[in-house]
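Asks: Chains B, C and G: place on chain E using the hints.
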Amino acid sequence: MEFDNNWLLSVMTFVPLVGAAIVMAIPKAEEELIKWAALITSLVAAGLGVFLLTDFNYDNAGELQYVADAQWISVINSRYIIGVDGIALPMIALTLLVVPLCIIYTMGHFPEPRNPKALLSLILILETGMLGTFIAQDLILFFVFFEVVLLPMFFMIAVWGGDDRRYASLKFFLYTMFGSALMLVSFLAMYFLADGTIVGDEANTFSMIALSDGATVGIARTSQLWIFAGMFVGFGVKVPMFPFHTWLPDAHTQAPTVGSVILAAVLLKLGTYGFIRIAIPMLPEAAAAWAPFIGLLAVIGIIYGALGCLAQTDMKRLIAFSSVAHMGFVMLGISTLTDFGINAAVFGMVAHGLITGMLFFIAGSVKDRYHTLDMARLGGLLISAPRMGWILGFCAMASLGLPGLAGFWGEFPAILASYNPAAILPEATFRGYMVVAALGTVLAAGYLLWMLQKTAMGTPKDEFVDNPEITDVKTYEWIAWAPLLALILALGLYPKPLFSTTDDAVVKSLQVNVMDDVPDCLNLDTDQGEACFDDLREQFEAAG
Amino acid sequence: MGSLFILGAEGPTEFVDIAGWFLENAWIIPALPAISFVIILFFGKKLPYKGAEIGITAVGLAFILSVLTAGQWMNQVDNAHGSEGGHGEEAALVLVDDDIELASAEADSEAAAFFAEEGEEGHSVVGRNAVVERFTWWENGGVEFKVGIMVDGLTVMMLFVVTLISLLVHIYSTDYVDGDRRYTHYFAFLSLFTASMLFFVLSENVLQMIVGWELVGVCSFALIGHWWEEKPNSDAALKAFLTNRVGDMGLLIGMIILFWSANSWSIIDINEAAIGHDIGHTTLFIASLCLTAAVMSKSGQFVLHTWLPDAMAGPTPVSALIHAATMVVAGIYMVARLYGVFWEGYSIAGSSFNILALVGSVTLVGAGLLAFVQDDIKKVLAYSTVSQLGYMCMALGVGAWTAAVFHLFTHAFFKAGLFLGAGSVSHSVHSFDMKTHMGGMRKFMPKTFATFMICTIALMGLPPLAGFWSKDEILVGTGGWGFFGGTSANGSYTFALVMGIIGAALTCAYMTRVIYLTFFGEWRGAEHMHHDDHGDGHDDDHGHAHEPHESGPRILIPLYILSFMAIVAGFFNLPPGFITGSEEGWQERFFHYVEPVSSYFPAIKHGVPSYSLAIFATIVALLGAFASYYYFFVRVNRQSPAATELANGLTSTNKVARAGHTVLKEKYYLDHLYTDIIAGGTKGPVADAAYWTNQNVIDETVNQVGRTAVSTATFVYETIDQKLVDGAVNLSGSASEGLGEVSRSALQRGKVQQYAAIMFIAATVIAGLLMVFI
Amino acid sequence: MVAQNIFFGIMAAIMIWAALRVVTTKNVVHAALWLVIVLAGVAGQFLLLGAEFVGVTQILVYIGAVVVLFLFGIMLTRASMGEDENVNLPNRIVPATVGVLLFGLMAFATIDYWRDAELPKDGSPTTVEAVSDSIFSDFIVPFEATSVLLLAALIGAIVVARKE
Amino acid sequence: MLLVQFLLLSAVLFCIGVYGVLARRNGVMVLMSIELILNAVNINFVAFGAFNGTVTGEVFALFVIAIAAAEVGVGLAIVLLIFRNKRSVDLSDVDLMKG
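Chains as they are written, first to last, in the working numbering: chain E, 55 to 598; chain B, 21 to 794; chain C, 91 to 254; chain G, 51 to 149.
Just chain E, with the same shape it has in the complex (with noise of 0.2 Å):
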């Protein structure tokens, strides 16, 4: 731990909250001051965390870095403890990297009614809750900044959005409130049941250092279950998981651009964050018995989304279903409760964030041409505009997952991983999930090239051709979508530096480390693990 440079999280989250108010200052009529501003502000957040990335020391990654633990709400012991570990590296720089260029692409175009005062503080708002949820280390931090996001991203579906915006926006944020409101009563009741002194807090604390570091191990089975269940449902509206995926496909397909490429980039993140972060580490035992269920809606939701995929015409809404199939790869990963399957799952996290928010930005600029995205009147992108129809193509095949793309190291090791679950869950199951997961990727295969075919091959409709605004990448577009590109192909062919980050934390986050000499329940069979998670509790009550 560095204790020189506790303040970098705080400046680095809180910058784009200055820059949002400083924003709202400048008169509405500077449009180009306003869109400088953002700009600049979202990259020295960027510049903070490139800072960050250099600073952080990559052989010490299990541990929380950068650490700051100051009084917030001591009535309810609630703290400001901030810190930043392998896991939460790689989101927090998918965040720096995703705004700044949607900042840039909205300088190209603006969605309309513009008002880009109002848009891009909204987007600079957003990017402080996104950060804050990763760099938060107590539970009710986490929670605010995890509501933070919701409201800016109502906003920008609601204004900014489709013809059918505020039906997609209402249920985008009654269904993510509904799920955080159980989170909540997670979140509390395991304030209540989980015993702080083990770990040196106090009694009833939400810090999430304690509780993952063990003092939960004396809460009861069936509460621990009731406790994983609220989470569940909390992060898996977010993430989304079958059956609770309905939102995802109207929001996508209603949000602006822009509002597409951070919601599939980083929104959904949060969910799979929340698993990996806070429902696992605090709850092993939950965690066992719940990954086969888990682990089954995952399956469902890859075979589903491909499913769901094929019956669409309307491009955006075939990307945002397929956000559901590759969240369920991510999904299968963390339920096989393996360091290699968590692994898998972060890197399939940062993958789907770069290669679906790619997809959407060239959708959101193929509406912009076309003005339209019914897949029955694209076509003959390669002819029209010949280079985006091969970023199209390039993104397609590292969406399906070809090897030497990053996609492909997202989905590979969790089908792998799935083959070889953690010793307590049952292992034919998972063998089953992998088979259907494999299936997914022939699926996947199948919607994506046939997107491809549909909107890049062919020839262009009569209506379209000779459009002259139908042109090819502009020079805002290179620039925002320049880094994905080189970020989606640098990943596939050496993922090493991502994995070596998030190994050691995601290690960490599947030990209990409330005592010496703690066995690995995880990695007994299924009834030992029980058995010894059963002889944990009462050492421990014989302990209290």
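Simulated from the structure, these hints should not be mistaken for laboratory data. Incorrect hints may appear among the rest.
SDA-like mimics (lysine to any residue), calculated; alpha carbons at most 25 Å apart, straight line [said to hold, decoys possible]:
1) B:Lys687 <-> B:Arg202
2) G:Lys136 <-> C:Ala243
3) B:Lys70 <-> B:Arg202
4) E:Lys528 <-> E:Asn169
5) C:Lys116 <-> G:Gly103
6) G:Lys136 <-> C:Ser227
Only a predicted model underlies this, so the values are computations on that prediction, with no experimental measurement involved.
Replies: Frame of chain E; chains B, C and G shown alone:
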């Protein structure tokens, strides 16, 4: 170029003897075309020859390096061989150079546990063991994923084949696709394909194989769909990719099973674990089944072969390179690489039946039959490829490893030659349809005809051309009837032997038909020449030529080289004791250099060739050829030189024959099954049903919850809130209002002092009340 | 003590009488002059209570400034110098009742609670020093606020009263 | 001296002031009555201050005096304004707040 190889083959010269440098640095070979891909992609259009020169240079260099590598390998084998004497069993250590830990700070204890058997002493053993170089690509959860190269006889053979044919195809393409609108893209993808294929071939581990496997698949997709403006082409590309994906599912699952069972990605480790019975037989069997599915899709075996004929929608040189010589043999190569797994999983030794052999033999005959009814010359060749791949698959299934690999080797040359020859013809007549555009071409294109004939005879398996030797070895390897003396093979796969012989006859028959329809009879293309313009889809002005003409040198030279190889390739593996009667010497060179003698390769037996079997098989094949010859060259030709079939042939007179013909024409209805029922079903009813469920069940539930909430809220609002609660409020309000109206007129007169008075009165009263009550 | 009580009694009687005249006289100028007497009485009471500074301030501010202000106001509003019939509202019974009731109430409450409370007998007069110490330490903020208020009132009065 | 005598005097003055506020219709006279009320309050302040032996009461009396001065200033200004608009200072005529 071929002579250079001969030079290396006959006796390693000094310049390849640089202490294994080429073997250890074979990674340069795929790196060259990969670099070429990047250069062409970014700068290709600005270059004088639009990127073709970069591709040819890179692949040419790769070819030279391959030859040098091959020479060095042979040198190494000879040295080892001399000291060992004979191909006995060796339990030698695998030569592994486990270096280049990029982040070498980590003490690699877990990796050491995984690869415990790789000691430093491995370096000292030089001989017939594979040369392995690798470094850690990435790690995850303690599992290391390495990337590296594994060079042994099989690898150098494939390197040679891939680079040679790729080079020839590059040269050929400069003429063939000249003027194409995506000329540069075409060469970029050729380079990428070559790089991917070489990467696949050099794989040190199965994960790398998966990567290479997928990459060649995507190149195939891009090149089949090269003219994607027309929907049939993009459909074909999609079909190829998706069918391959189905097989890839098997590949992924199979490799995952192997990985967890052997706890290693390394091909050598997996093979050793399988051979050493460290992996359970059931597990191996399941893994083999999964991998067989992958072979079926990639190498076009029944029932996943249907994409391959459709893939002929791509440019012809691509068909020659990808869909005849190299990519489609990836499945065969994979089986050959992981032979330990299949050997144990299918219990090939001492058995008479297994799935690999069954799939191969059924494919061999089934596709041979289909080749009869095709009118498109490329489709005939495509089915022929499927059929020949069936030979290889069958050979692997019966344990004839060297025969399979040798057939792969010879087939690559003559089939590529045939495709390029067909391309040469179609380049001139602008069509692939033999019945409408061809006929009598030998007069217009004598050089093409000559090379085509040589390759055809090689394919037919007639002595002494290449196909004969490799086919004969396969038949020997089946260990069929004792009558023919195939006794010492691994099992007695009689079924495979029968199918193999039938397949040979079929091959002769349909190739005779192709020769007649294309090169003999009268040219039928004159009336189509002006108004028909499919073909290659490129818009040059050859259409104005009135008569077909011979192709240029850039097309012919590759044909010469390939037909030369079709003649000589068979001599690399003459049967032991053939002609000279000696066991040592220039026979069985291929076997000697290619088949591994190492702990990662199973102890297979080798069938003893017999003259009787060879003669019998040749006679049956010739019978097939003569039957076809009689039908076409004699009867059809007598009817009319321009005719393509008999007016009153069997199919028009016999119901059974007609039904059979229809089944063949419909390609066993497999396409209907896949396209209409499976793909159409998934895309149509199943996807729609899923989406309907989504919208009307799941989403509807959500909406229903929302609506219920709203209607409950409405009820609460309208009835309880508005009528009861608000009613009460309103009542009090209206009461106040009435009172207010009264008091307003009385009190609210704007008199400040009146207000003050009321205020004071009220204050007094309240103060009084407070005093009284408190 | 007795002398003080006697003095208080005389002064109180005069003040009450003068106050009654303030609210009953029909001559505005007279009302102002009666008010002077009441204010002077109050100042006397302050002295009696030992609050010398406040008493002096009372005279200075009220008699010296406020009453003069009233007289100016009367002049500017052109009130008649003599009797004026229109100074009272027609209904004076309600105000009178309110006044009497209020007084009854207050008197009862005061007597009931403070019946026996005696002022300190040795109460020496408060020094100016003590007053100023208190104002400039404990009450500095109200003091500043008052100053702002005065300024505001000054400006406000000018704004309100000046001719367009 | 008893505290209560001052308090009673204050009460008397206060009630007379209240009567004056309620009964007078001349604006200037109403203001004078208000001065009575304020002075009554001041007597209370000083009396209690003396009773408790602190200076706080006196300090508050001073504040009240200051504020009263301000009040008179503003009040008279308002009366002047009314006079200027209505040519009268009769509060009965000022009924803009009539309901």
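Asks: Between Lys136 (chain G) and Ala243 (chain C), does the CA-CA distance stay at or below 25 Å?
Replies: This hinted pair holds, its Cα atoms lying about 23 Å apart.
Asks: Can you confirm whether the C-alpha distance between Lys70 (chain B) and Arg202 (chain B) stays at or below 25 Å?
Replies: holds, 10 Å
Asks: Against the 25 Å threshold, does the CA-CA distance of Lys528 (chain E) and Asn169 (chain E) hold or violate the hint?
Replies: Holds, at about 22 Å.
Asks: Going straight from one Cα to the other, do Lys687 (chain B) and Arg202 (chain B) come out at no more than 25 Å?
Replies: The given pair, whose Cα atoms are some 33 Å apart, is violated under the 25 Å limit.
Asks: Given the hint that Lys116 (chain C) pairs with Gly103 (chain G), does the C-alpha gap stay at or below 25 Å?
Replies: Violated: Lys116 (chain C) and Gly103 (chain G) sit about 42 Å apart, past 25 Å.
Asks: Going straight from one Cα to the other, do Lys136 (chain G) and Ser227 (chain C) come out at no more than 25 Å?
Replies: violated, 47 Å
Violation of the numbered hints given earlier is confined to hints 1, 5, 6; the remaining hints are satisfied by the structure.
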